[in-house]
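Taking the hints into account, I'd like the entire structure generated from these sequences.
Residue numbers (the working numbering), protein chains in the order written: chain A, 2 to 349; chain B, 2 to 349; chain C, 2 to 349; chain D, 2 to 349.
Any given hint could be a false lead.
Remember, identical chains collapse to one label, so a pair may be satisfied in a single copy or spanning two.
With a cut-off of at most 27 Å between alpha-carbon atoms, the simulated BS3-like pairs for lysine-lysine come out as follows [what the hints assert, rightly or not]:
#1 K122 to K195
#2 K223 to K135
#3 K301 to K122
#4 K345 to K223
#5 K224 to K135
#6 K223 to K22
It is worth saying that the hints were derived from the structure and are not from the lab.
Number of protein chains: 4
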Amino acid sequence: MTIRHSFRNDYSEGAHERILKTLAETNMMQQDGYGEDDYCMEASRLIKGKLGNDDVDIHYISGGTQANLIVISSILRPYESVIAANTGHINTHEAGAIEATGHRINAVDSADGKLTPDMVKLVLDEHTDEHMVKPGMVYISNSTEVGTVYKKDELAALYEYCRENGLYLFMDGARLGSALESRESDLEFSDMEKYTDVFYIGGTKNGALLGEAIVISNDDLKKCFRYSLKQKGALLAKGRIIGVQFLELFRDGLFEENASHANDMAFRISDAIADLGYGFIGTPSSNQIFPILPNELIEKLSEKYLFYVWSKEGEDSSSIRIVTSWATPVEAVEEFIEDIGEIKEMLR
Amino acid sequence: MTIRHSFRNDYSEGAHERILKTLAETNMMQQDGYGEDDYCMEASRLIKGKLGNDDVDIHYISGGTQANLIVISSILRPYESVIAANTGHINTHEAGAIEATGHRINAVDSADGKLTPDMVKLVLDEHTDEHMVKPGMVYISNSTEVGTVYKKDELAALYEYCRENGLYLFMDGARLGSALESRESDLEFSDMEKYTDVFYIGGTKNGALLGEAIVISNDDLKKCFRYSLKQKGALLAKGRIIGVQFLELFRDGLFEENASHANDMAFRISDAIADLGYGFIGTPSSNQIFPILPNELIEKLSEKYLFYVWSKEGEDSSSIRIVTSWATPVEAVEEFIEDIGEIKEMLR
Amino acid sequence: MTIRHSFRNDYSEGAHERILKTLAETNMMQQDGYGEDDYCMEASRLIKGKLGNDDVDIHYISGGTQANLIVISSILRPYESVIAANTGHINTHEAGAIEATGHRINAVDSADGKLTPDMVKLVLDEHTDEHMVKPGMVYISNSTEVGTVYKKDELAALYEYCRENGLYLFMDGARLGSALESRESDLEFSDMEKYTDVFYIGGTKNGALLGEAIVISNDDLKKCFRYSLKQKGALLAKGRIIGVQFLELFRDGLFEENASHANDMAFRISDAIADLGYGFIGTPSSNQIFPILPNELIEKLSEKYLFYVWSKEGEDSSSIRIVTSWATPVEAVEEFIEDIGEIKEMLR
Amino acid sequence: MTIRHSFRNDYSEGAHERILKTLAETNMMQQDGYGEDDYCMEASRLIKGKLGNDDVDIHYISGGTQANLIVISSILRPYESVIAANTGHINTHEAGAIEATGHRINAVDSADGKLTPDMVKLVLDEHTDEHMVKPGMVYISNSTEVGTVYKKDELAALYEYCRENGLYLFMDGARLGSALESRESDLEFSDMEKYTDVFYIGGTKNGALLGEAIVISNDDLKKCFRYSLKQKGALLAKGRIIGVQFLELFRDGLFEENASHANDMAFRISDAIADLGYGFIGTPSSNQIFPILPNELIEKLSEKYLFYVWSKEGEDSSSIRIVTSWATPVEAVEEFIEDIGEIKEMLR
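Okay, structure coming up:
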């Protein structure tokens, strides 16, 4: 049997067709290079409008690891560290990118991938003199690497704690769309600049060919940021191609539409799985869900669908990671749900 | 009067339409991420075929500064330096990207932007003990930042000198297409892997939306290169989008076609300017030419065309930089030539 | 009451008087700089003799953090990491020195401060592709930061595991003297070069004014090491002053004599404390011991002696860290023991 | 014939006997580690007094390259560079130490080793956007690597230019004693903190075993400096040993006495050589002089004295570098002068 669909990740396809269309339409217009083109400027105008704040700086770059390493290294002094959840992308899947810029990560154990003021305090309490690094900022992801999302009061409390303790708060928004459209979240897009010093809006995993938009609201962090981009190889000659995509994402709601579709697909699956009586790691909240299924069922399912097996859960069960996206076809989801039901029946 | 055309650079437009078309056609195929997709593999097969050597490693990344900093930092030991012409891109326009990875650049004065064994020897002779850095590699650009190109015997001699002296030779090919299609060059594409240890093929300036292909022929330099890509934020989740573009560039000659058009446009302009009796900085050899014109003529010309004024040449003249590309319309070139003639006439 | 003695650390005094004497005697001899003097050479001859191996490279530098950061950064490729116990000095008290050279530390929980092949395997099993760092070496301390020491079979097993798995083994020997003279250790000085790729011999904490001797036995790691020293600011103009001190330490047994005295003082204290019925964190093995005492006793004791309170142990007790050295007077130890006994009696 | 004396450098001997004496006297006093001992504090009190300013921070470290790399990397943002004379120690003899911390050096040609506002302006004029590094500070040496010294108006003008242009001014004072005692200088010790943001006082080359004292007068640069020291391996456990030496150097004039003796010895030699009719590279100004002598004379002289041949000067002559120090015996100087005269006579 051939593979019907891959639920492995949210970057298996190219871009939303409207993005390709706008790329084609603007293709032959001569523009300035390095992000100083009309499209980047227009995209920034749209994003600022949506944030309700003109006083932010916006920069467009090609990927998430790049965004993380540039933001973090541009902020910290050489002896400063960044606090992150142990599950944080910078702590697990960036090949030492942050350390390569000279900075230590203070990883904190977090069961749900989120950080709280108490967790941050633990690190501060341990780092009190010059024989240790000096924590300078906090890194969080929303949605997190395990699919959870921050609520407004959680984020606000963390931001306030950071401000009181001289720490900058940086949010990795590789999957920000899905986080904001989550049925578990009461955060709005405009809260992002209110409750962080800097964050980025993920394009790659929400319908763009590539591209993330870094948004800096804290004035301290704005100065000379383009030097950092250039020095790390992130200032694309044809910056326009990211500008065009964010322009399209934010022109009339494609960003939300894409994320909303991804979440709907995930929730359809998680609701169906719950109905079959299976549980999850965490509460399904965004486009990454982690159902716990019998190993036999997983094996059977994997003949037709691609996904990652995440963790052993007891003797005969495991969790798997199912990722949906703007591109996930409704039909594939329906068939997937049906197949799980049938396999369950079959294995009885 | 409005601006008729910009000759400022070769990245003012998007991508060649055939590239956009293939991006659209492959868009919804689910693929593995991080450069392990079918398109990257097929592009590499094509490039290896054209090089006549299957034993090279090929990696696709988003831009030239990124290519330079990753290749150089992945090769050198911490105390080693890279030798470059003073005009070299890494020495002038990369915001200290190489130094930011910990390495010193030994810059050598070069009138024509090229390096010779004698110039490299000067650096080696000066660096003899551990109180100075240890030169570990040589960086060249082809075409150079001043539009010149290497001839086969020049490149072969430099490569041999490097091998004899324990130096790796790395060629920045941001404008490799134009160099190879130059009427001043006798190098062929397959010579690149013969006479360098590693080089890259520029896509961004030769018709792609973005993308450079790093080609490693020296076995010493292949090991764990993907770790370096990941660590520097260069491993794109949708690596496919660069793969697709190089696939199209190398499928049936688009790479050469684009470069050839760019050169033709430059040579038409340089030949016409020469016919008018004006000289050049260097011999026009690629898609960047540097005519020396009366300041009055330049001023008049700049009302209708965009270009950079390069250097003062005597009291009343200056050189300007004219850059053509795959996208330069024949009509714009013809009009530009006509306008120069008319302005000259007018100013008599 | 004034403080009678500090047991806070093993670097509270200057140098052993024989070292000062030899410094004075050699003071006015003109010598080459940067470690190429007669004294460094003679010291190396003595150390090689004691190791029974002439084929090692020896370099003298000023301190332990410097030794660690230079050895580690000179060995690892940019994407490689170093595995260490969570208690390891590089992981706790070097202000991010290793990360500042670009490398991640993979910290492993270790109850006794030592590493075993199984612990190292845990890290290797987790790091399997280029999205994570690649472990390249293992760092251990002997004695460890919690006073424990390696036995011969433990070290041999770890070294063999490292060799089989492509990892270099580096031993931080800031307190190597005390480790080797430990009554709990069966390792000999000559084992150091047999069972590590590189280690250093601590002078600062064993009677020198300052200075550590890095000994490299693995040929791969010898090349160009002086470049690394120079680049990190570790090549002292008057390298002679460290050479002279190691010459004196290894001329006729002062190194062992100093360490042996430090251990004797520690064991006298630990034996006496054990006799009083108190326990320890770990088995007292070297010049750092961690008795667990009633808080009341600790408070009283701290009026007359300086030491660090280490950890809470239950409601009414804590562990304290007592460090002895070559300079610890027998009288101070005897008085300390007597005082503990008296305070215990008093508090009944 | 055996070598009578080496004039190769000013670090051929150990330390001034008064320094050794004080080290011995303070040796067994228990003190806090890491530069927080009584001797460092007392030395700082003395230096502040001599500067006439209590509001400076003083840190003691082991050597000049270390001082340079720590000061520079602690000040600059990642994309900033440091401007230096091409002859500057950081640009020639530190094995890429500055670049290894991530920063580019903008080297400016300087005939006499000194920088002027005009030279600095040249660099600023060239660095105007984010495609190049952003100059953030200026590094000078006093005395310079070619033996010249700054006059008060020169230093004041440079400092003012730096302040007006947002550049910090850092003075490498490895040979500050000799510079201040120079008969060509009108600068006083207290001017150092007036006309720089940070400077260091060289101990190693002025009679100490080792040690430099970094003095920070600009408040911006004081914060968290000890973190930088620790992270680079510069915070010595027995920081006392440098404190003791600076205490002795500044207790009652030993610092000036040593430098003054070195200069006297150099001037005796340069005056005698001038009397013989020979010239110099530059004006003899400090303890490094560069007489131009016939090659035959140099060859003969080198049978009895050690010194470096510096540069070819015409067909039959060369310059040599003669370095004197606090330890240079008057007898050796007198004999040297006599020998030159005799050899000159002999060669007629």
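*Go through the copies and call it for K224 and K135: within, between, both or neither, with a Cα cutoff of 27 Å.*
both (22 Å within a copy, 12 Å between copies)
*Is it within, between, both, or neither for K223 and K22, if the alpha carbons may be no more than 27 Å apart?*
For K223 and K22, neither the intra-copy (33 Å) nor the inter-copy (38 Å) Cα distance is at most 27 Å.
*Can you give me the call for K301 and K122, within, between, both or neither, at a CA distance of at most 27 Å?*
neither (46 Å within a copy, 32 Å between copies)
_As a check of your reading, is K345 near K223 (CA-CA no more than 27 Å) within one copy, between copies, both or neither?_
neither (55 Å within a copy, 47 Å between copies)
*How do K223 and K135 come out at 27 Å by Cα distance, when the copy is not named: within, between, both, or neither?*
Close inside one copy (22 Å) and across copies (15 Å); limit 27 Å.
*Taking 27 Å as the upper bound on the Cα-Cα distance, should K122 and K195 be classified as within, between, both, or neither?*
So K122 and K195 pass the 27 Å test inside one copy only (22 Å; across, 41 Å).
Violation of the numbered hints given earlier is confined to hints 3, 4, 6; the remaining hints are satisfied by the structure.
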